[in-house]
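Given the coordinates of chain P, assemble chain L onto it according to the supplied hints.
From first to last, the protein sequence lines stand for chains P and L. Residue numbers for the first sequence, in the working numbering: 30 to 510. Residue numbers for the second sequence, in the working numbering: 28 to 228.
Treat the hints as calculated values from the structure; they're not laboratory data. Every residue gets a Cβ at the ideal spot worked out from N, C-alpha and C, and that includes glycine.
Below 30 Å or equal to it, Euclidean Cα-Cα: the simulated DSS-like pairs (lysine-lysine) are:
{"id": "1", "chain 1": "L", "residue 1": "Lys200", "chain 2": "P", "residue 2": "Lys63"}
{"id": "2", "chain 1": "P", "residue 1": "Lys63", "chain 2": "L", "residue 2": "Lys207"}
{"id": "3", "chain 1": "P", "residue 1": "Lys395", "chain 2": "P", "residue 2": "Lys478"}
Estimated spans, in silico, between C-beta atoms of each pair:
{"id": "4", "chain 1": "P", "residue 1": "Leu444", "chain 2": "L", "residue 2": "Arg112", "range": "53 to 61 Å"}
{"id": "5", "chain 1": "P", "residue 1": "Asp223", "chain 2": "L", "residue 2": "Ile167", "range": "21 to 29 Å"}
{"id": "6", "chain 1": "P", "residue 1": "Val193", "chain 2": "L", "residue 2": "Leu129", "range": "17 to 25 Å"}
{"id": "7", "chain 1": "P", "residue 1": "Glu180", "chain 2": "L", "residue 2": "Ile106", "range": "30 to 38 Å"}
{"id": "8", "chain 1": "L", "residue 1": "Ile167", "chain 2": "P", "residue 2": "Met510", "range": "29 to 37 Å"}
{"id": "9", "chain 1": "L", "residue 1": "Arg195", "chain 2": "P", "residue 2": "Phe45", "range": "27 to 35 Å"}
{"id": "10", "chain 1": "L", "residue 1": "Thr193", "chain 2": "P", "residue 2": "Ile440", "range": "51 to 59 Å"}
Pulled from the structure, derived: some chain L residues nowhere near chain P, Cβ distances all over 10 Å:
{"id": "11", "residue": "Ile106"}
{"id": "12", "residue": "Leu144"}
{"id": "13", "residue": "Lys227"}
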Amino acid sequence: MNFIPPDLAPAYPEIFLLVMVCIVMLADLFVGEKRRYVSYILSQAALLGCAILTFSTLSSDVSYTFSGMFVDDPMADILKLMVYITVASVLVYSRAYISVRGMYTGEFFSLVLFATLGMMVMISASHFLTLYLGLELLSLSLYAMVALRRENVLATEAAMKFFVLGALASGFLLYGMSMVYGATGELHLSQIADAIRGGDIDHQILVIGLVFIVAGISFKLSAAPFHMWAPDVYHGAPTAITLFIGSAPKLAAFAFVMRLLVEGMGEMVADWQGMLVILAVMSMAIGNIAAIAQTNIKRMLAYSTISHMGFLILGLVAANWNGYSSALFYVIAYVLMTLGTFAIILMLSREGFESDHINDFKGLNKRNSWYAFITMLMMLSMAGIPPMIGFYAKLSVLQAVLSAGYIWLAIVAVLFSLIGAFYYLRIIKLMYFDEPETDAPILPNIDVKMLVSVNGIAIIILGLFPQALMGLSLYAIESSM
Amino acid sequence: MNFQDFVFYFFATVLITSALGVVTSRNPVYSALLLVLSFVTCAGLWLLLEAEFLAITLVLVYVGAVMVLFLFVVMMLDINLDRMREGFWKWFPFGALLALVLVAEIAMVLSSGPFSLEAMPSPPAQAADYSNTKELGRLIYTEYVYAFELAAVILLVAMVAAIALTLRHRTDKVSLDPGKQVMVRREDRLRIVKMASEKKE
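Chain P extracted, bound-state conformation (with noise of 0.2 Å):
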């Protein structure tokens, strides 16, 4: 009956968000509509604090906490400082855009930080129920962002579809959990390891468990054949929630397949792998020949996350060390190409102006040639054309995928991202040799105006210079797996 009360020091990271957004939504209920900043403000001090305490408990050894609930190690400490720079960024660039739609409000702010719980909680989940309760504190406040604009029809109906397929997924992740937990009878991720390594259990219920843990995976990550969420929510949000549903939660849900499937089945890898493969091949196919038929650039960049989910999950079929570091390597690239895409097309629109057409990419360098110079970096690093991130993030996929011995996989993968080439280039193409259809000035504000150049130029160091990024994915996988 002896308790131990937990090391709570791993933990200060999320217990602080926690306090935090209490303290933001009471306050915003005191501060009045002109006052707003005072939220936006706490918030951006709450993820600030946040980077400063994970920053001070930087360590390489794995320490587990709350019975082995929770666990810190240098992956959850990377992704989760790249968590709170993906949001902070979100923040800064979505102000604009939501104050002129009267979704400047402290749900707005609490909801997002709730999320930015969720993904930390799922980062470091070392037990199956941490790891679902993590996952649905994040799915849920996505779904309520997406909702949050309810007059806008197209937004409550991606909602809808949002909120009813995740549940599905999160259905179908459970029964999978339910399914080992049956033939192990372990919740501890770890435990489940050994429980699998000692042999005496029976390979098919584990098999149908994991098929079904696979399923839901992929539902979250976007990778089809369970993308046909992705378009529908992409293009029907409102595009500071898109930006924000498509950066952070990819770093949460790379964490959460490798606590999943290597952590947990690291033992099954002969199995999963062949789920991996077909899952990778069909979402660089589907994702990059759908998004050249896309005249809607939200729709457009949903194919091209799929096709990118596709190469991450390249990276985890290799199934090494070289592998998953390369696949970590991907998702922080993804990351920083999405924000300053997703940046460029905030900047565009305006009261009552969706800027979500490609055509209203026509001309931007007439407009303003900086702008569009930064979405040229973000379309080439895409398409992974060097020396931008995206080039060596997909090189090191294939790297690991070719000394896997997958040498096919490897060709697929190239071909579909040649076809997949088009459709960035078609967006470089319209903004330097085409007329401008309208000469609205852009007018951001000093933070987004120098965010959005930094978060450019990043682009280019990091592809010039990925040594540090990928020795840093290399050194967290390695000490933490």
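Frame of chain P, contents of chain L only:
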């Protein structure tokens, strides 16, 4: 047949009969009441499994709160029974087939392989003074406190989301503002007119 078996079969019979009644009853109020009965007997079965806490929760939450709410809704709505029964016989074979497949599947799972009754023996009975409510409480607030707190946060998100999505400040509503009512002065409403009294001609 010992007493426990007798109790089990009694509850099981009542449960199945009332569950059938829920589906076949013509009056939706009867259906809802029969559902209450099946919940209560189900709680009895759980008591046999030594899951007292769950049994009591089932009665308190489902019977006490959810079903009463449900009854209110059923009584308030004007449900057209004939419309609801349309196509019952048309779809009956399909439904029956699904039910048969489900029963067959359950039988297959229980009779073979790793989920058979032999592979999952019933746990040894606990002593009479063992309280699983206490045990559950101890676990929730010690070992599973992190998950418990997270569940609480999820409920908070649900509250924030529900309020954010449904709260609207309507301008066309008719309501009284007590503050304004109290502030009213006589001079705002009442005009005293002074005039000379008139005499009857």
